Amino acid sequence: MSLIAGSTKFLYVAPEAPAIPTIEYGGGYFTSDMLQVVVNTTETRPAYILVTIDGSEPSFEGAQAGTTLPAAPGQPIQLTATTVVKVRGMLVDATSGQPYQNPDGTYVYSEIAEATFTKVAAPAAPVFTPAEGEYTGEVEVSIACETENVLIKYEFGGTEPTGMSATYTEAFKLTETTTVSAIAYLVDAEGAPIMTVDEMPVASA
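If you're matching positions, the sequence shown starts at 34 in the numbering used here and goes up one per residue.
To be clear, the hints were calculated from the coordinates, so they are not data collected in a lab. Note that the structure is predicted; figures quoted are calculated from it, not measured. By construction, the Cβ of each residue, glycine as well, lies at the ideal position given by its N, Cα and C atoms. There may be inaccurate statements among the hints.
Using C-beta positions, here's what the derived DEER-type ranges look like [claimed, not checked]:
id	residue 1	residue 2	range
1	A47	P226	40 to 50 Å
2	T202	E167	21 to 31 Å
3	A114	A50	24 to 34 Å
4	T211	K152	35 to 45 Å
5	A98	A47	55 to 65 Å
6	A47	A238	54 to 64 Å
7	E179	E147	32 to 42 Å
8	T202	M67	29 to 39 Å
9	S214	T75	19 to 29 Å
10	A47	T151	37 to 47 Å
11	G190	G99	53 to 63 Å
The whole structure should be built from the sequences, with the hints applied where relevant.
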């Protein structure tokens, strides 16, 4: 009579990928010298947020090479130029505090989220032709801006122009003493004003 020893098989179940981190604003335009963008996550398990600002894919290897930046939830990332921000979650072993690795040595990542932040300069202030002064009879006034792709808005009587003011399309004539004010808004290819990340239009002084 022979005995056959029993065997036990263990099935490895990979942990669920961490939540995809979020990037404040989700992209947009800015005019300031520096923009702070907060990265965050809804992940409740121990996890890192990996960030890149050079267009590369966030990874643990990149963190070791210095191209990927580990970030804590709520940490601001400082931007000073047009930048593509990419973020990714990486699961951490709750016991060791080290990145969690599958048996094959791979890490447990979330999908990548990215957002583009474009730095733009405010347009130049509109210029009136002729310049302000005293004129006899009627005078024809034109308004121009040296910045391309702008929408010029204007008002009479000293009222500060806004996006709701009259749009300048052609020269107009004045027959009495008048104050004219104008502002230039930067616009996109469709002619809509470009909005900054805090929802303010990019305008001249």
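Evaluation of the provided hints:
The hinted window of 40 to 50 Å between A47 and P226 holds, with their beta carbons roughly 48 Å apart. Range check, T202 to E167: Cβ separation about 27 Å, and the 21 to 31 Å hint holds. Distance hint check for A114 and A50: the Cβ-Cβ separation is about 32 Å, which falls inside the suggested range of 24 to 34 Å. Between T211 and K152 the Cβ separation comes to about 37 Å, which falls inside the hinted range of 35 to 45 Å.
Distance hint check: the CB atoms of A98 and A47 are about 26 Å apart, inconsistent with the given range 55 to 65 Å. The hinted window of 54 to 64 Å between A47 and A238 holds, with their beta carbons roughly 57 Å apart. Separated by about 34 Å at the C-beta atoms, E179 and E147 satisfy the suggested range of 32 to 42 Å. The hinted window of 29 to 39 Å between T202 and M67 holds, with their beta carbons roughly 37 Å apart.
A hinted range of 19 to 29 Å is violated for the C-beta pair S214 and T75, which are about 47 Å apart. A beta carbon spacing of about 38 Å between A47 and T151 agrees with the range 37 to 47 Å that was offered as a hint. Distance hint for G190 and G99: a CB-CB separation of about 59 Å, consistent with the stated range 53 to 63 Å.
The structure fails hints 5, 9 (numbered hints given earlier, in ascending order).
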